[in-house]
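Novice: From first to last, the protein sequence lines are chains X and Y. Using numbering that gives the first Met the number 0, you'd call the opening residue of the first sequence number 0 and step up by one each time. Using numbering that gives the first Met the number 0, you'd call the opening residue of the second sequence number 0 and step up by one each time.
Be aware that a few hints might be false.
Claimed, not checked - Beta-carbon label-pair distances, calculated as ranges:
1) Thr-89/Y with Trp-222/X: 28 to 38 angstroms
2) Leu-10/Y with Phe-123/X: 52 to 62 angstroms
3) Pro-159/Y with Trp-222/X: 27 to 37 angstroms
4) Met-89/X with Asn-180/Y: 58 to 68 angstroms
5) Ile-219/X with Ser-116/Y: 37 to 47 angstroms
6) Ser-160/X with Leu-282/Y: 44 to 54 angstroms
None of these hints come from the bench; they were simulated from the model. All C-beta atoms, glycine included, are put in the ideal place defined by N, C-alpha and C.
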Amino acid sequence: MPVLAVVAALLIGAVILLLMDADPIRAYRALYDGAFGTKNTFADTLIKATPLLLVGIGICISFRGGVVNIGGEGQMIVGGLAATALALSMPDARAEVLIPLCLAASFVAGAIWGGIAGVLKAYFNVNEILSTVMLNQIATYWMIYLMSNTLIDPEQISAASRIPETDRLPRQSDLPRIGPWLDSIYEWLGLSSAESSRWAPTLLHIGIIIGLVLAVVVWIFLWRTTVGYRIRAVGKNPRASRYAGIRVKRYMVLSLLLSGGFAGLAGGIQVLGVRHRMSAEGGAIAFTGNAGFNGIVAALFGKLHPLGTIPASILFGALLVGGNKLQRTVQVPSALITVLISLVIIFVVSSDLWSRHRARRRVTLAAQEPASPPGASAAAEMDGVR
Amino acid sequence: MIDQLLDSSVLIGIAASGIRLATPYLYAAIGETFGQRSGVLNLGVEGIMLMGAFSGFWAVYTSGSLALGVLAALLVGLLMGLGTAFINVTLKAEQGISGIGIFLFGLGLSELLFQQSFDGVVTVRGFPKIRVPLLSEVPVIGEIFFQHNLLVYVAFALVPIAWFVLNRTTLGLKIRAVGQNPQAADAMGISVARVRYLTVTFGGMMAAMAGASLSIALLNVFQQNMTAGQGFIAVALVYFGSWRPFGVMAGALLFSTVNALQLWVRTKGIDIPAEYASMAPYLLTILALVLAAQRVDQPAALTKPFERGE
């Protein structure tokens, strides 16, 4: 089904392209070449896929836990801010110390931002969809404030240009590039590669590896640990979970906390691996690239499974990177890619792929079974979670 | 700063612009109230607003007719509302996520169309101010309430109409029944789907009007992403107003007045950082949500797709 959603979106995109007097076949070939044509473009695709993957695995946790986290954008921003502030304040630290510290800080910052929405939902009955949307805006203004005041590059002040951005972060905070490693693996496997198709010159950094490892970790966490099991139980049926003795509110907060943490980490990796400085130029979207929203799509696409989110993120990374090439080749506004992605979202949620309500219905049917005592049906529902 | 603020002309100015700035929130939030009362959360209001803003602007720019501008916005709102209803009611999509899809669709498409049709920023002659005869001459009151453009008056007129429809008509009863207990409504012979299509489509048209009120009445320009989150705030205002039109209006006025105050603070260059002032409305919304959530329960079937035979 997800593949069908992409095909349908691309077909509608083709109609839009035709209406704009552009050749859709040429456009889509440019899209593919732009995403997978060379090692360089493929590396770009993976770099763009990294924040989607990280936000996406966080989304897997929150949606499985029954909370809808639309706050990825804001959580990425505060994560990026935390990593930036820490790196700037420790210019002499060694890389082995600085990078883990910065990434941990970005995770914690994102977790706090998500946790606020979690507490508001669990203890103040505030709809998390709305609170996370508001928190996105607050984070954006906070970033603009910090970029143009507290954290602004001193040179921007003396040059009087006052571009709202920080100084370049210390070099030790740059995430290691993994191109050379990949090349030596290729060599070891006997895949001799021509000079032109080596990974070494690409900008591919360790972020994608972190993302892949964490996807596996989250998969184990959700399906092989008690805490993960309880998160899913609360998501499936909070009432039954309460009867089973699970502290439902706490696990709601935890879902949003973890989900926000992964989005925050995505922001931190974006700063340390790609931008090497934080900038408010171009607003929030210039920093996040909409990954807070697109990560949701990637997760839905991967059927809310961390491992499924991996190929889904790469697909959307490709769409974003290839979209730039498409735009340049057939001269259409880049907003077309936003439209394509929105169509994919709409098709994916409209198809029965994400059949949360169906699952819920099965559960309510079981709960309404008059013959069995409430305890028994609760136990049956808990079995359903496995 | 306080003495400056207490100056009567400043206060009147802030109050008047509070009334004016409430307009887009009113259209969007009153429309959304109907949808939510019937059990559908449309989070895509922002995207429909952007499309309404663009289409209204485009029609006024090309034809010069304000009536055509409003018609174009209503038509686009109708189409997007129908689409939203199809996705959420017929296809039973998860409403929080489909709303983000609709938002991104409107965001992308309005920008795409804008870049295709215009080179850079242009302006139109929007709705002129109407000075209500006699009333606008009343000191203070006249300046605050009776010197606005037509779309402002219509927005406020919608509030009692919405209240009347929801609380005093059969249609309103059906809408509330469908949102509160769709099974019972269905058993009474009310078509749940038809009622929800109606409310969501109406909500779409109102969202588009909200956008048009920005592009052809309040600001008279179109820019990409010009709504800047107002659609999301409108959705929050419905919660704030406890799903009641007058509550929604109170929220919209509170919000827009804080906004007007914030804009005044910024022009005065008072040493509250502009960014913190801009944050205020969002913080206020969260606070308002906390207070509203303690008061009333939401429509029981909100965000839940209806399936027969449950």
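Novice: If a hint holds in the structure, say so; if it doesn't, say that too.
Specialist: Tested hints:
1. Checking the proposed 28 to 38 angstroms range against Thr-89/Y and Trp-222/X shows it holds: the Cβ atoms sit about 34 angstroms from each other.
2. Here the CB-CB span from Leu-10/Y to Phe-123/X is close to 33 angstroms, at odds with the stated 52 to 62 angstroms.
3. Checked against the given bound of 27 to 37 angstroms, the beta carbons of Pro-159/Y and Trp-222/X, roughly 54 angstroms apart, lie outside it.
4. At about 59 angstroms, the beta-carbon gap between Met-89/X and Asn-180/Y stays in the expected band of 58 to 68 angstroms.
5. Evaluation of the 37 to 47 angstroms hint for Ile-219/X and Ser-116/Y yields a failure: the beta carbon distance comes to about 52 angstroms.
6. Checked against the hint of 44 to 54 angstroms, the pair Ser-160/X and Leu-282/Y fails, with Cβ atoms roughly 31 angstroms apart.
The structure does not agree with the numbered hints 2, 3, 5, 6 stated previously, though it agrees with the rest.
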